[in-house]
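*Asks:* Let the sequences and hints guide you as you build the complete structure.
In this text, residue positions in the sequence shown follow the numbering used here: the first is 6, and each later residue adds one.
Keep in mind that the hints were calculated from the coordinates and are not lab data.
Some hints could be false.
Think about it this way: if two alpha-carbon atoms lie no more than 25 Å apart in a straight line, the pair counts; the simulated DSS-like pairs of lysine-lysine are [claimed, not checked]: (1) K233 with K274; (2) K82 with K526; (3) K62 with K82; (4) K472 with K526; (5) K82 with K233; (6) K165 with K178; (7) K566 with K305; (8) K312 with K566; (9) K315 with K305; (10) K370 with K181; (11) K204 with K233; (12) K434 with K466; (13) K62 with K566; (14) K300 with K566; (15) K165 with K434; (16) K300 with K274; (17) K178 with K434; (18) K315 with K566; (19) K181 with K434; (20) K204 with K181; (21) K274 with K305.
Values in this document were obtained by computation on a predicted structure and should not be read as measured data.
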Amino acid sequence: MGLNPAQSEAVHTLSGPLLVLAGAGTGKTRVVTVRIAELMRHGIRPARILAVTFTNKAAREMQQRAAAINGAKAKDKPEISTFHSLCVRVLRRQIHHLGYPDTFAIYDRGDQESVARAALREIRVGDAVLRPGDLLNFIGRWKTASLRPEQAIHAAQTDKEHLAATAYRRYQKSLKAVGAVDFDDLLLLTEELFQQFPKTRSEEAGRFDHLLIDEYQDTNGSQYRIVKALAEGHRNLCVVGDDDQSIYGWRGAEVQHILRFQNDWPEAKIVRLETNYRSTQEILDWANRLIAFNKLRHGKVLRATCKGEKPRILQLEDEEAESKFVVEEIRARIEAGDRNARDFAILFRTNEQPRAFEMELRRAKVPYVLVGGMSFYDRKEIRDILAYLKLMVNPRDEISLLRIINTPPRGIGQTTVTRLMEQAVEQGKPIWDLLGDLKTSTAVTPAVLRAAAGFRELIGKHHARAKQHRRVDAVLRDLLGEIDYEAEIARLYAETEDRQARWAAVEEVVNAAAAYCQRSKEATLAGFLQEIAITGQDDDREKESQLGRDAVVLMTLHAAKGLEFPEVYMVGMEEGYLPHRRSVDSDASAIDEERRLCYVGITRAQPRLTLSLALNRRKWGKPRPTIPSRFLYEITGQADNPNYVASIRNKLLQNNSPAKKPAGKPAAQSKGRKKAALRKPRRSS
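*Replies:* See the structure below:
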């Protein structure tokens with residue numbers, strides 16, 4: 006496929022600031038990679054081109070396409086990575102300016118909780134007042150807002166926030182003391198470097214002549230300032246994104262960055278990609294009508310290259326009727342040979358919504374996958390093994406220690422652990438230190454003393470082996486054999502198939518360690534854990550594996566961004582779900598983001614889209630009437646009609662009929678379908 010005029014303009018505008026507004030389904034990835042090729046064709050050395058995106062999957066796709074264009078064996082390649090991977094490389098070269106070692110460790114969530122628990126212990130705060138996980142949530146929000154500990158103390162308002170700010174200072178001091186950073190620090194410290202050391206900023210910016218940022222609407226404050234620092238010199242900055250798909254405000258993304266791009270770069274050129282190659286015009290009419298209600302946006306109207314059937318709105322009596330109707334329709338289409346299971350996606354706003362659909366899919370014996378339900382690294386057996394490895398690197402990692410101190414069972418029971426935790430709080434000491442002096446720290450039996458000594462010896466022995474530069478996979482195999490973890494899996498899981506699947510997951514960690522050793526010249530256990538910390542943050546490979554199955558896909562609207570499906574069901578189109586109840590009581594910008602989320606869901610559909618709502622939902626076991634989502638009125642053009650209740654009634658109910666089935670198959674009927682007008686939604690102020 007060639008480039009359309011707008012795509013061609015984006016590809017051939019090679020100098021100066023450029024904003025490419027890439028609407029949903031308009032061929033953004035193709036434009037990005039062809040533009041990189043065009044830069045190289047015009048004599049720009051590949052290594053002088055930096056492309057940054059948000060997920061490992063997107064970075065891999067760009068790397069593969071660039072390699073196909075430039076030649077897979079070419080030594081000089083564009084630098085394509087995620088923001089966090091870029092910052093790791095910058096910090097490896099420059100972090101010594103901030104007093105950290107070049108070989109800093111990257112702590113994952115488990116490591117962070119260990120440090121947070123120690124920080125709370127230092128200020129004598131127990132879990133009943135502030136839990137480590139809650140402290141990390143405070144710290145994460147502050148770091149996303151680029152607030153250091155001293156600034157957080159001034160920003161704190163409640164008593165709990167003041168405690169958290171005090172612990173934040175201890176937390177950050179402890180990380181630096183052991184030469185470690187957390188995931189948020191990768192951005193925050195890079196920004197700090199560029200602010201405090203202009204020479205370092207110039208050195209890093211001087212590595213590149215062209216900078217390309219994908220999904221620019223998703224940048225947070227730190228990312229925005231890092232991009233600006235790297236591009237200010239040459240000003241060859243191309244950002245690609247869509248303000249209408251900015252749905253990550255809850256994790257720090259600021260849509261204002263893409264809205265004010267011309268204010269930051271006055272000479273910028275804007276190219277709009279509006280030709281959609283994914284959805285039908287009928288679906289895009291709904292999407293265009295909906296998103297126009299957001300006033301703070303770059304104007305654009307998606308145009309389709311094909312036409313099809315009108316999308317539908319289904320009204321069902323309750324959540325049970327909704328799930329039954331949707332699943333029965335999917336089952337009938339699959340059995341008739343119209344579609345494969347993988348062609349269907351059921352999209353929802355909140356994590357509790359898929360329960361009813363999972364039950365119905367199981368009853369109907371329709372294969373399904375709940376995407377994002379559990380990451381590979383969240384599985385019990387994987388977390389157990391990684392806890393052992395983390396403890397071998399850092400024996401004072403208490404989260405890992407507490408997880409495996411009696412896994413597999415070695416006679417150190419919960420009573421002993423509870424006593425250890427209480428004494429650790431009282432004395433302000435790490436549990437690992439107390440574990441080595443149990444005789445004086447707490448009353449225990451001789452058997453527990455032997456078990457504790459054996460556990461410390463086990464960790465110490467394998468820690469020494471890892472320091473001897475033995476291959477990580479060899480150390481891991483030795484450890485698994487010594488603790489007989491396969492027997493532990495057999496003890497916990499009775500079903501042969503379940504045992505085999507879980508042991509296969511453990512083997513996959515060994516395989517990953519072997520692959521790491523093969524591609525890394527200086528492979529270390531700490532380096533392997535660091536790689537997992539980086540690649541495991543957006544577990545794309547797990548998501549790809551789930552999506553590769555021939556199964557109906559259940560996923561949140563947030564997780565669906567970037568994907569497309571022949572058949573999309575957006576369920577739970579009610580006030581409180583979409584828009585979410587939190588946004589209803591918030592300001593107008595929160596409703597705007599919910600509207601963008603609805604827009605993202607609509608534009609996932611290729612030829613066929615169905616929106617559904619339950620007219621009643623159970624709360625604490627009792628049915629309660631719902632209010633249809635305001636977005637339903639907006640997409641059907643009835644939001645500003647004072648007589649919309651009467652005028653929309655027939656229109657919606659006409660669209661409320663089930664999908665036509667193949668000849669010879671009767672149409673499924675919805676017993677709970679309610680022949681009444683949609684109730685009026687609440688409006689935000």
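*Asks:* If a hint holds in the structure, say so; if it does not, say that too.
*Replies:* Going down the list of hints, with the structure as the test:
1. K233 with K274: holds (17 Å)
2. K82 with K526: Measuring from Cα to Cα gives roughly 20 Å; hence the hint holds.
3. K62 with K82: Holds: K62 and K82 sit about 18 Å apart, inside 25 Å.
4. K472 with K526: Holds. K472 to K526 sits at ~16 Å (cutoff 25 Å).
5. K82 with K233: With a Cα-Cα distance of about 23 Å, the restraint between K82 and K233 holds, given a limit of 25 Å.
6. K165 with K178: Status holds; Cα separation ~20 Å.
7. K566 with K305: holds (19 Å)
8. K312 with K566: OK: K312 and K566 at ~23 Å, within 25 Å.
9. K315 with K305: holds (22 Å)
10. K370 with K181: Violated, at about 53 Å.
11. K204 with K233: holds (15 Å)
12. K434 with K466: holds (23 Å)
13. K62 with K566: holds (13 Å)
14. K300 with K566: holds (22 Å)
15. K165 with K434: holds (23 Å)
16. K300 with K274: holds (22 Å)
17. K178 with K434: holds (16 Å)
18. K315 with K566: Roughly 22 Å between the alpha carbons, so the hint for K315 and K566 holds.
19. K181 with K434: With a Cα-Cα distance of about 19 Å, the restraint between K181 and K434 holds, given a limit of 25 Å.
20. K204 with K181: holds (23 Å)
21. K274 with K305: Holds - the C-alpha atoms of K305 and K274 are around 15 Å apart, at most 25 Å.
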